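Participant: What follows is each chain in one-letter form.
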Amino acid sequence: MEFDPNAAFEAVGPLLAAFLQVTLLVTVLGSIIAAALGLVWAIGRRELPRIPGAILAWILDVVRMTPLPLQLLFGMAVVTELDGFRRFGDIEPTTLLTYLGIVVFGIHYSTYMAESYRAGIESIRQGQWEAATALSLPRRRTWRAVIIPQALRATLPSLGNWAIAMFKDTPFLIVITVPEMVSEAERIGGASFKYTETFAVAGLIFLAASYPTAVLMRKLEKKLAY
Amino acid sequence: MPTETAPDPTGAGSSETGPRIVMENVRKQFGKNVVLDDLNFSVDRGERVTLIGPSGSGKTTILRLLMTLEELTGGYIYVDGEPLTHAKRGERRVKLRSGEVSRIRRRIGMVFQQFNLFPNMSVLENITEAPIHVLGRSKDQARADALDLLDQVGLKDRAQAHPTQLSGGQQQRVAIARALAMEPEILLLDEVTSALDPELVGDVLQVLRDVARNTDITMLIVTHEMQFAQDVSHRVLMFDQGHIIEEASPQVMFTAPQHERTQQFLQAVL
Ligand SMILES: Nc1ncnc2c1ncn2[C@@H]1O[C@H](COP(=O)(O)OP(=O)(O)O)[C@@H](O)[C@H]1O
Ligand SMILES: [Mg+2]
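Chains as they are written, first to last, in this note's numbering: chain A, 1 to 226; chain B, 1001 to 1270.
Derived from the structure by calculation, the hints contain no laboratory data. Quantities reported herein were computed from a predicted structural model and do not represent experimental measurements.
Label-pair restraints from in silico Cβ distances:
| # | chain 1 | residue 1 | chain 2 | residue 2 | range |
| --- | --- | --- | --- | --- | --- |
| 1 | B | Thr-1164 | A | Arg-218 | 19 to 25 Å |
| 2 | A | Thr-177 | B | Lys-1095 | 54 to 60 Å |
| 3 | B | Lys-1032 | A | Arg-50 | 18 to 24 Å |
Glycine included, each C-beta is placed from N, C-alpha and C at the ideal position.
Just chain A, with the same shape it has in the complex (with noise of 0.2 Å):
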């Protein structure tokens, strides 16, 4: 077998275009949800009393213990239910589904991320929280102001980590048929039979992008401590 440059090169437009269009957009929309929803829930976890926080801990087992793909599937089921698509008037399906694979992974990832922020929370000394007090800084402020600044710091590489997961596990999205770059290799692959260069390309692309995004993370995470 034989390594066909030609194959490779005709498959970065296409994989490329499926990256950044589904790849790209679910990871980063998704973390942003991920990363705000999980500092909800780990300011939740600490703030509410004890029967609420008890069902909220146990909502975020759930969530955080059930497969990703299962997750998908049901949250696609869900919508299908909604009559058909219907009820989300003009959007397209795929457009439609790539929405709902977005909110999953946002959720999905928000509950490893809100143990992430619940270390980080963790981590800081009570003297912090009581200089607050001796201060009569609100709850609020204490949090805006002195925990949240110092809680992210010691959370961001962990966040980073899970965004970098989250980038990995896009191939799922394949089972609620959402285009994303590994299905595009598959059925480009399977058209011209090149399967090894395509899926080549992805990986490479997958690299080119996680590498760096890594990297990133450890420069940001040197500027952050003080």
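Dock chain B with the ligands against the given chain A, drawing on the hints supplied.
Facilitator: Showing chain B with the ligands alone in chain A's frame:
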């Protein structure tokens, strides 16, 4: 003593006379461990009281109860005649709403052994944070006030530094400035020089001596610096196992203590 000075429990509003702080039948337990039991004492306006006593005798707990960092198990604490966390309603002891607690807590400031500066903020931001967000000062006003305070503690040139760039003694002086920026009526000092290298203690104590001389802030001081205690305090309370076993002026306490436990304790620390 305390029963005579206990305020009318129904009387709301800060009275201009009467003691600044009243501890009435104060009880504090950690689980089954009773740390303070039926503790009564009061502190006058502008009075500076030093608490001494062996480790574990409950000194820190008293300051932390006043700062509302610990929950009072029993009894009452009054500030300017107003209940701090719990009030008497007839025979019942009721917990106050958090809004009420924070209104009164605003009159109290504390400096900690471990400084507890906010590492994510500059020195200046540490000091202006609460005046801006609690007292509603303008940024410019808070900044100007903070620079004045930094000048008083000898750190005006470090306003833009971050706490981690400062020595322990400098951090503690910033913490003092931060507490003073809230213009407290009551300042609680819990072994503020204990975490410092010996050569840095002097500057911090000098700053506190200035505060004592130039303000009429009521102070509760826990310290092992007996010379400092003698210089700044009006009264010294000796604690043992959560009880006041001796109370005297610093001159008497440090030169002619009556109680045997006090004599032993002072011999050990002096
Ligand atoms: N958070 C806590 N949990 C349990 N026990 C505590 C706690 N804080 C203080 N104590 C106990 O209360 C007692 C008094 O402590 P403390 O007020 O710190 O004494 P001091 O400041 O005089 O050394 C000690 O026996 C200590 O073990
Ligand atoms: Mg102590």
